[in-house]
Amino acid sequence: MASFDISKYRSMFLEESVELFENTDTLLLKAEESGHLDDEEMNSLFRYIHTLKGSSASVELSNFAKFTHEVESFMDKLRNKQIPYQADMATLLIDCVDAMKTVLDEEVNGTLTSQSFENLTREYINIIKEISEGLSPNKQEHEAQTSTEPQANRVILISDDAFGFFDDDFIQQSETQNSNDDGFGFFDDEIANTATATKEFGIGQVTEDDGFGFFDDEIINIDQTDSISETSIVNKPTEDHFGFFDHDLQIKHTQLETSSQDTLPAQNISIPDTQITSKTLEEKKEATAENKEVKAANNIRVDLSKIDVLMNNVGELVIVNSMLFQLTDEIADIGTRGKVAEKLKLLDRYIRELQDSVMAVRMVPMETIYSKFPKTIRDISKKLDKKVDFKHIGDNVEIDKAMIEGLTDPLMHIVRNSLDHGLENPDARRTKGKPETGTITISAEQANGQILISISDDGAGIPADKVALKAVERGVLTKSQYDQMTHDDKVMMIFSPGLSTAEQVTDISGRGVGMDVVKTNITKLGGNISVATELGIGTTITIALPLTLAILDGLNIRISDKNYILPLASIVESLQPKSDMIKRIGDGEEELLMLRNEFIPVVRMHKLFSIEPEYHELTKGMLIVVRAGTQKLALFVDEFLHQQQVVVKPIDKNFTNVKGIGGATVRGDGSIGLIIDVIGILEEQKKYERRRLR
Amino acid sequence: MAKILIVDDSNMLRDMLKYALVDGGYTDITEAADGVEGLEKAKSTVFDLVITDINMPNMNGLELIQHLRTIPLYAKVPLLVLTTEKSDDMKAKGKAAGATGWIVKPFLPEQVLKAVGIVLKK
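Protein sequence lines correspond, in order, to chains Z and A.
When we follow my numbering, the leftmost residue of the first sequence carries the number 1, and every step to the right adds one.
When we follow my numbering, the leftmost residue of the second sequence carries the number 1, and every step to the right adds one.
By construction, these hints were calculated from the structure, which means they are not laboratory data.
Take these hints with a grain of salt, some might be off.
[Stated by the list, open to error] With beta-carbon atoms standing in for the labels, derived distance ranges:
(1) Z/312 x A/46: 39 to 45 Å
(2) A/44 x Z/649: 18 to 24 Å
(3) Z/389 x A/46: 35 to 41 Å
(4) Z/389 x A/28: 49 to 55 Å
[Stated by the list, open to error] Dumping the calculated DSS-like pairs for lysine-lysine here, alpha-carbon to alpha-carbon at most 25 Å:
(5) A/41 x A/18
(6) Z/101 x Z/77
(7) Z/401 x Z/8
(8) Z/524 x Z/583
(9) A/121 x Z/8
(10) Z/401 x Z/383
(11) Z/372 x Z/383
(12) A/18 x Z/306
(13) A/121 x A/41
(14) A/93 x Z/77
(15) A/93 x Z/81
(16) Z/345 x Z/391
As the structure is a prediction and not an experimental result, all values here were calculated from the model.
Even for Gly, the Cβ is constructed at its ideal location relative to N, Cα and C.
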């Protein structure tokens, strides 16, 4: 007996439900604002909820299905105008859908109990019932059939007569089965030897309880030529059709039915030949010509891991090609060498194009993230009694799909912070001379091989001193550090763990575990985050992310006899310093590079990696100034070498996270290149500085 | 080998239906996500059976069936609707559209195969 892999289908359902819920939210949010719902919108809403119900039932999420059925019936009555739509119903529906989401979550996680189900749904079921009470009595009866008893066990909602036929021909077939639990039925009236069959197999009374759907019991007895009336399609005499419904088949069918309910003769099904005559071919040609106008969306769903495999394979091609290129040096004959090199260059170009194409497959528009915001913003602003206008720019800017997960939560948190701490309530805003409705804007743009995403609000701004003083209080900073900090430095303290200046921790944000996690997540994606804020005016948080996690433009650098790869995007400039550019502070241990009135801390890379460098004197080696977030560092290396594009391979599966290393790659000559993680180095540097100041 | 077209806007349901059919030996399955796509596919290949959901965007299942019935090639091809209810209303609508029969969802694979077996036995 064939059976479904429930877990596989459940996750497919959950995936689909995300989109369905989003579509529902978008429609309802619009309706809530505008005050009305037009016919098309009502039908769409009905369809989304209907699909949620049907699909969830198919994967045995029966409690969710039951509650959703209530909401679906309500939607049905609304769209059929049995209940007139009122403006406040949008809010009710939003609440119902939110309840549906919670029920779904709990049922999937196994934490749904009859009690919690009651608590979540009873209120709404009652409200819906009250509204529906305005209906006529017989319609109400129909409604009463649906039991709203919550079920703690999994129940398969499969109806008894799960199929039926309109076609008497099929009807008789079904009738010959004694089972009542057929989930199908036939309407079609092209008919056959029904009378004969009926006699032969002694079919009893047809009642509604039987498994099969008959439309016209009379038709069964009508002479075949008359039965054409129901459908306009049948042109030929019905005998042709019934050539296959011979008694032998019928007998076989009955025998099989009575012998075993479980197995079906899947093999050896005789299929009639669909004779394609020249006439029908012409018709087909006509049809395909029409097709050109009927354009269906040509999409396929692909598992992200398949694309990762593809990316990886293309990356390997890049590497091998690189190796071949290096090998050409060993070709003695100059002529041959030249020819081979030329072809390899061509190959390289095609491989890059392939790489770009695969990259493009992974890219999705920012709109995917933006669509999640309106509902959350609406919910929170309602809770806080604040008025907010949400603007979004750069919907079409594309970002690597692999980044979406890591990015959505941080962005959400930043927005919640804006709503909670940033934006003032309408009264306060009015007092300040600001419009009562605050604005939160999120925008995305591509620049310099990066994606820049910024979230700004026109709220109260971040109190830099307050934040930094809190950090001192918590021991994250010393008073002397505080005194030396710039306004921007102080603001960056919001990313310190365990910090919260909110007088009361709200359940929305302010628990002090938010912004530091945001920063960590952004760092993990290879990006950095910066803040611009002004008291009374507002705050803008900017996130810079690499276009992709997969490929990197890097610079090979040498420390001692070891080569590392430094991401090109983080490099500001490089130089061989003169002795007067180096300042020593503290006890002489700390070195700073003075570059155009800026003091940049020097990091001796060989110390970080514990290797003996070629040069100990800063003036003999190279300083590479890199940017990590809003801060700069000068990395001291022996030499810098050539640039190269590499495919990043994560290493933390096999090795513990080494601070300062953020991945690896295989070079053209087959050697492994470790990729430097600039942010990691910055963090190490900071730790070192703090330790020194104690 | 019977060519079967299944039309449903839910990937999950199409998958479930497809694998129920494949397990039953019907391996030539084509999918479409809505009535428009279904009609397009039905026009370029002659299927032996079409199973379609009713509620779909762009063109619903009943409309699809109505369109198909206007094509002579599909005059006698069994067209089944997948529906979540078996009410008289559904039946009336299905029949009026020209459907051959219905299958209720959620469905058990063997019920689908039973119904398909019956209609394809010609």
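Checked hints:
{"no.": "1", "hint": "Z/312 x A/46: 39 to 45 Å", "result": "holds, 42 Å"}
{"no.": "2", "hint": "A/44 x Z/649: 18 to 24 Å", "result": "violated, 44 Å"}
{"no.": "3", "hint": "Z/389 x A/46: 35 to 41 Å", "result": "violated, 55 Å"}
{"no.": "4", "hint": "Z/389 x A/28: 49 to 55 Å", "result": "holds, 54 Å"}
{"no.": "5", "hint": "A/41 x A/18", "result": "holds, 16 Å"}
{"no.": "6", "hint": "Z/101 x Z/77", "result": "holds, 22 Å"}
{"no.": "7", "hint": "Z/401 x Z/8", "result": "holds, 22 Å"}
{"no.": "8", "hint": "Z/524 x Z/583", "result": "violated, 33 Å"}
{"no.": "9", "hint": "A/121 x Z/8", "result": "violated, 32 Å"}
{"no.": "10", "hint": "Z/401 x Z/383", "result": "violated, 32 Å"}
{"no.": "11", "hint": "Z/372 x Z/383", "result": "holds, 18 Å"}
{"no.": "12", "hint": "A/18 x Z/306", "result": "holds, 22 Å"}
{"no.": "13", "hint": "A/121 x A/41", "result": "holds, 23 Å"}
{"no.": "14", "hint": "A/93 x Z/77", "result": "holds, 18 Å"}
{"no.": "15", "hint": "A/93 x Z/81", "result": "holds, 19 Å"}
{"no.": "16", "hint": "Z/345 x Z/391", "result": "violated, 46 Å"}
Consistency note: the structure conflicts with the earlier hints numbered 2, 3, 8, 9, 10, 16.
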